[in-house]
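2 protein chains.
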Amino acid sequence: MRFVDLIARKRDGLSLTAAELQSIVAGVVDGTLPDYQVAAFLMAVYFRGMSPAELATWADSMLRSGIVLDLSDIPGIKVDKHSTGGVGDKISLILAPLVAAAGVPVPMISGRGLGHTGGTLDKLEAIPGFNTQLDIETFRRLVRELRCGLIGQTAEIAPADRKLYALRDVTATVECIPLIASSIMSKKLAEGIDALVLDVKFGSGAFMAQLPRARELAQTMVAIGEAAGRKTVALLTDMNQPLGAMIGNSLEVIESCDVLRGGGPADIRELTLALSAEMLVLGGVSATIADARATLVKLLDNGAAFAQFEKIVAAQGGDARALSDYSRLPVATQVVDVVAESDGVVHGFECAEVGRAAMLLGAGRATRDDIVDPGVGLQMHVRIGSHVRRGDLLARAWVSDRSKTDEAFATLRDAIVLGDGPAVAGPLVLERIDASSLAP
Amino acid sequence: MRFVDLIARKRDGLSLTAAELQSIVAGVVDGTLPDYQVAAFLMAVYFRGMSPAELATWADSMLRSGIVLDLSDIPGIKVDKHSTGGVGDKISLILAPLVAAAGVPVPMISGRGLGHTGGTLDKLEAIPGFNTQLDIETFRRLVRELRCGLIGQTAEIAPADRKLYALRDVTATVECIPLIASSIMSKKLAEGIDALVLDVKFGSGAFMAQLPRARELAQTMVAIGEAAGRKTVALLTDMNQPLGAMIGNSLEVIESCDVLRGGGPADIRELTLALSAEMLVLGGVSATIADARATLVKLLDNGAAFAQFEKIVAAQGGDARALSDYSRLPVATQVVDVVAESDGVVHGFECAEVGRAAMLLGAGRATRDDIVDPGVGLQMHVRIGSHVRRGDLLARAWVSDRSKTDEAFATLRDAIVLGDGPAVAGPLVLERIDASSLAP
Numbered sequence: 001m002r003f004v005d006l007i008a009r010k011r012d013g014l015s016l017t018a019a020e021l022q023s024i025v026a027g028v029v030d031g032t033l034p035d036y037q038v039a040a041f042l043m044a045v046y047f048r049g050m051s052p053a054e055l056a057t058w059a060d061s062m063l064r065s066g067i068v069l070d071l072s073d074i075p076g077i078k079v080d081k082h083s084t085g086g087v088g089d090k091i092s093l094i095l096a097p098l099v100a101a102a103g104v105p106v107p108m109i110s111g112r113g114l115g116h117t118g119g120t121l122d123k124l125e126a127i128p129g130f131n132t133q134l135d136i137e138t139f140r141r142l143v144r145e146l147r148c149g150l151i152g153q154t155a156e157i158a159p160a161d162r163k164l165y166a167l168r169d170v171t172a173t174v175e176c177i178p179l180i181a182s183s184i185m186s187k188k189l190a191e192g193i194d195a196l197v198l199d200v201k202f203g204s205g206a207f208m209a210q211l212p213r214a215r216e217l218a219q220t221m222v223a224i225g226e227a228a229g230r231k232t233v234a235l236l237t238d239m240n241q242p243l244g245a246m247i248g249n250s251l252e253v254i255e256s257c258d259v260l261r262g263g264g265p266a267d268i269r270e271l272t273l274a275l276s277a278e279m280l281v282l283g284g285v286s287a288t289i290a291d292a293r294a295t296l297v298k299l300l301d302n303g304a305a306f307a308q309f310e311k312i313v314a315a316q317g318g319d320a321r322a323l324s325d326y327s328r329l330p331v332a333t334q335v336v337d338v339v340a341e342s343d344g345v346v347h348g349f350e351c352a353e354v355g356r357a358a359m360l361l362g363a364g365r366a367t368r369d370d371i372v373d374p375g376v377g378l379q380m381h382v383r384i385g386s387h388v389r390r391g392d393l394l395a396r397a398w399v400s401d402r403s404k405t406d407e408a409f410a411t412l413r414d415a416i417v418l419g420d421g422p423a424v425a426g427p428l429v430l431e432r433i434d435a436s437s438l439a440p
Numbered sequence: 001m002r003f004v005d006l007i008a009r010k011r012d013g014l015s016l017t018a019a020e021l022q023s024i025v026a027g028v029v030d031g032t033l034p035d036y037q038v039a040a041f042l043m044a045v046y047f048r049g050m051s052p053a054e055l056a057t058w059a060d061s062m063l064r065s066g067i068v069l070d071l072s073d074i075p076g077i078k079v080d081k082h083s084t085g086g087v088g089d090k091i092s093l094i095l096a097p098l099v100a101a102a103g104v105p106v107p108m109i110s111g112r113g114l115g116h117t118g119g120t121l122d123k124l125e126a127i128p129g130f131n132t133q134l135d136i137e138t139f140r141r142l143v144r145e146l147r148c149g150l151i152g153q154t155a156e157i158a159p160a161d162r163k164l165y166a167l168r169d170v171t172a173t174v175e176c177i178p179l180i181a182s183s184i185m186s187k188k189l190a191e192g193i194d195a196l197v198l199d200v201k202f203g204s205g206a207f208m209a210q211l212p213r214a215r216e217l218a219q220t221m222v223a224i225g226e227a228a229g230r231k232t233v234a235l236l237t238d239m240n241q242p243l244g245a246m247i248g249n250s251l252e253v254i255e256s257c258d259v260l261r262g263g264g265p266a267d268i269r270e271l272t273l274a275l276s277a278e279m280l281v282l283g284g285v286s287a288t289i290a291d292a293r294a295t296l297v298k299l300l301d302n303g304a305a306f307a308q309f310e311k312i313v314a315a316q317g318g319d320a321r322a323l324s325d326y327s328r329l330p331v332a333t334q335v336v337d338v339v340a341e342s343d344g345v346v347h348g349f350e351c352a353e354v355g356r357a358a359m360l361l362g363a364g365r366a367t368r369d370d371i372v373d374p375g376v377g378l379q380m381h382v383r384i385g386s387h388v389r390r391g392d393l394l395a396r397a398w399v400s401d402r403s404k405t406d407e408a409f410a411t412l413r414d415a416i417v418l419g420d421g422p423a424v425a426g427p428l429v430l431e432r433i434d435a436s437s438l439a440p
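Chains as they are written, first to last, in this note's numbering: chain A, 1 to 440; chain B, 1 to 440.
One or more of the hints may lead you astray.
Said to hold, decoys possible - No farther apart than 20 angstroms at their CA atoms in a straight line, the calculated lysine to aspartate or glutamate pairs in the EDC-like style are these:
{"#": "1", "chain 1": "A", "residue 1": "Lys163", "chain 2": "B", "residue 2": "Asp35"}
{"#": "2", "chain 1": "B", "residue 1": "Lys311", "chain 2": "B", "residue 2": "Glu145"}
{"#": "3", "chain 1": "A", "residue 1": "Lys404", "chain 2": "A", "residue 2": "Glu353"}
{"#": "4", "chain 1": "B", "residue 1": "Lys231", "chain 2": "B", "residue 2": "Asp194"}
{"#": "5", "chain 1": "B", "residue 1": "Lys163", "chain 2": "A", "residue 2": "Asp35"}
{"#": "6", "chain 1": "B", "residue 1": "Lys311", "chain 2": "B", "residue 2": "Asp301"}
To be verified - Stretch by stretch, here's where chain A covers chain B in the computed footprint (C-beta under 8 angstroms, at least three residues):
{"#": "7", "stretch": "6-20"}
{"#": "8", "stretch": "34-41"}
{"#": "9", "stretch": "169-180"}
Note that these hints are calculated values from the structure, not bench results.
The beta carbon of each residue, even a glycine, is placed where N, CA and C say it ideally should be.
Can you build the whole structure from these sequences, using the hints too?
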């Protein structure tokens with residue numbers, strides 16, 4: 001079968017066989033399929049989608065394109081969490097040590113931030129000395145000894161995804177649920193996990209702004225995970241306003257430590273508990289979500305989760321003292337207040353624009369090659385429902401390079417939607433999707 | 001504007017501006033747009049189509065990508081004919097000298113056959129010495145002196161089409177009406193013609209088997225022609241059985257000469273008259289189709305059309321004596337009869353398969369690099385409605401290399417659909433489409 005005939009079959013909405021899909025992934029990885037044919041195939045997939053059976057094979061082929069970690073010699077049911085990305089989303093920094101403290105191994109391989117979203121690696125690297133580029137053997141040792149390792153994607157994991165993503169990025173085929181879902185899941189399933197919890201965000205700060213699209217993405221990823229024999233649960237969570245108050249790498253480490261010591265913003269604590277409780281049930285250490293939450297609350301409030309984070313940070317070369325003495329974290333010294341220019345009630349956020357304001361200050365990347373400044377960022381002082389008067393503090397900004405602060409602050413102000421009358425935020429966790437939610 | 005954003009706009013069904021489309025064609029020609037992005041764009045066009053305004057710009061940009069002949073110094077309204085290709089379609093060989101004999105200049109640039117369809121150049125080159133690779137100056141002189149030149153596509157005409165076609169061929173984006181229409185029209189409009197008649201075929205031997213698709217292609221091409229300021233008329237014609245009896249290059253020259261001398265099969269004569277009459281009206285030498293037909297019948301029956309062909313053949317280096325003394329044409333010496341294996345009435349043809357049978361004998365090309373054998377081919381002895389008894393002659397074959405005759409004859413027999421009860425072929429010319437047929 002010539003590849004052009006496979007492109008035509010996908011173009012016409014027909015199914016491809018497992019062998020055909022495997023041959024395409026193999027051809028992408030070894031370079032025997034020319035980019036122009038792969039590009040046409042990806043655009044055909046954009047329009048025609050993939051069936052559940054096709055997707056299972058496609059994601060499986062992608063994950064097997066590189067090394068697949070085998071952590072079966074480490075005791076316990078290994079569970080990871082993945083978020084589709086948001087603004088102020090520092091949940092992984094809290095959840096990973098918390099769940100590990102509860103006895104569930106968390107082998108977490110994370111990405112960097114791009115555009116309006118932050119990345120877990122960037123946040124961790126704000127801690128002086130923290131090394132996310134560990135080799136696989138060290139990672140295995142950490143998961144065995146501390147039930148947690150926090151590292152970055154390596155070139156050896158799912159190389160098919162890296163090649164496909166590079167092509168999708170320049171051919172307008174990024175925004176395609178089967179391709180997004182298989183990209184995420186191929187990397188996660190290569191981690192050697194037994195189960196996975198997905199935080200799939202919807203709203204103005206989410207990659208999938210519309211709830212139905214977010215739901216479809218969640219269902220698609222759960223289906224891929226289950227087809228691969230991994231229990232997979234997704235929560236659909238609200239990203240219509242920043243998570244917590246802090247946006248920016250050192251600032252988010254500070255806020256995470258507050259939560260790990262039992263304090264911090266209510267939304268961060270709540271979302272962490274919701275996702276972590278699923279992991280404890282999947283990990284077999286709690287029988288019910290309620291039991292799991294009770295366990296987790298105790299670990300936050302008694303300092304055990306924080307102590308676990310200190311150990312992990314130290315084991316990965318980081319300065320654990322910085323988790324208590326925030327003066328050891330790189331924080332910009334110039335602080336600027338952003339105040340309201342009119343009266344009103346905060347009815348909502350153009351949340352992606354809030355993230356972009358932080359990015360303009362240097363907290364994130366416009367392109368992959370940009371360098372982030374760990375010390376800059378925003379502390380939000382308003383949330384949906386806040387009453388604001390002209391001159392009130394909207395946000396405090398930590399800045400270093402001032403060349404883009406005007407643009408950043410204008411972007412931030414424009415992103416805060418003021419209205420008349422009261423406003424209430426929607427529920428933080430809207431839906432839960434697991435295997436039982438999927439169409440038979 | 002980055003090209004990836006233009007791909008996304010087309011993907012989302014939005015329109016591109018004239019400047020954007022021009023920049024894409026320019027980027028294809030100068031190689032600055034990578035093939036993988038062009039491939040994704042073409043697949044997006046496959047799914048989203050192009051608006052009439054987009055198509056007019058796209059075809060115009062393609063035709064201007066190379067040299068555009070200017071024949072305005074040659075007296076008369078220059079008119080050409082293009083066929084979407086069929087089996088036994090030798091109309092150009094008759095029509096070009098006939099219309100020229102009637103006083104309308106016909107600057108005809110033709111293609112070669114591929115797959116089940118024959119090509120005008122291949123048929124002309126069966127005439128010993130006939131040279132289709134004339135330079136543009138010689139072509140101009142022939143159009144001026146004989147009102148007709150018959151040459152092949154040169155690399156200088158519409159190079160954008162050549163590049164795009166090569167990419168479409170390997171990315172499953174050939175079967176896309178806007179891309180087909182702009183490919184054909186860009187080459188035709190670069191010929192320096194003032195008007196164009198299109199023979200758009202439907203049926204089992206046509207590129208567009210389904211009538212609605214053929215109609216859409218015809219409408220699309222007429223719209224492009226009219227947008228370019230050229231009067232364009234399309235006839236939708238039946239290709240459910242071979243045109244005439246002969247399939248194969250020398251054989252079709254023989255049949256063409258029969259028609260040019262006033263004889264030959266009725267369907268060939270009729271289709272030639274229908275298309276030629278449109279050209280005479282467009283060319284301003286006849287006021288009505290009826291007047292034109294009367295003129296044309298006279299030119300066929302009094303030998304003037306044949307004499308014109310003799311002059312053209314001689315002027316292009318061909319042996320004009322071969323047009324009367326067929327022994328001067330290369331014709332295979334082995335003749336094999338293909339007989340019926342059962343009784344019945346011919347209810348139809350898998351007409352593309354009839355063409356493929358001739359191709360297997362060597363009369364056509366499976367791939368662009370194949371060499372055709374001018375001497376081989378088929379003479380069909382049955383048409384729709386023919387009563388056949390076991391042992392009756394279905395076709396006579398002229399063969400040289402006998403390695404594929406078994407496959408060719410089996411293909412041919414399978415392509416003749418026998419049934420019970422009478423059968424009647426549909427009308428040869430089903431519809432006429434011109435500017436007035438298009439939606440306003």
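For a C-alpha distance cap of 20 angstroms, please report whether B/Lys231 and B/Asp194 respect it.
7 angstroms, holds
Pair hint outcome, A/Lys404 versus A/Glu353 [Cα-Cα no greater than 20 angstroms]:
14 angstroms, holds
Check, residue by residue, whether the stretch 6-20 of chain B contains three or more positions whose beta-carbon lies closer than 8 angstroms to a beta-carbon of chain A, and give the verdict.
This one holds; 3 residues, not fewer than the three required, reach chain A with a Cβ under 8 angstroms.
Chain A over the stretch 169-180 of chain B, status - at least 3 residues with CB closer than 8 angstroms:
It holds: at least three residues are needed, and the stretch 169-180 of chain B offers 5 whose Cβ sits within less than 8 angstroms of chain A.
Does the stretch 34-41 of chain B contain three or more residues whose Cβ lies closer than 8 angstroms to a Cβ of chain A?
It holds: at least three residues are needed, and the stretch 34-41 of chain B offers 7 whose Cβ sits within less than 8 angstroms of chain A.
Given hint A/Asp35 paired with B/Lys163 - CA-CA distance at most 20 angstroms:
16 angstroms, holds
Regarding the pair A/Lys163 and B/Asp35, is the alpha-carbon distance no greater than 20 angstroms?
Since the Cα atoms of A/Lys163 and B/Asp35 sit roughly 16 angstroms apart, the hinted pair holds (cutoff 20 angstroms).
For the pair we were handed, B/Lys311 and B/Glu145, check the Cα-Cα distance against 20 angstroms.
Status holds; Cα separation ~10 angstroms.
Do the alpha carbons of B/Lys311 and B/Asp301 lie within 20 angstroms of each other, as the hint requires?
17 angstroms, holds
Violated hints are absent here; each numbered hint is respected by the structure.
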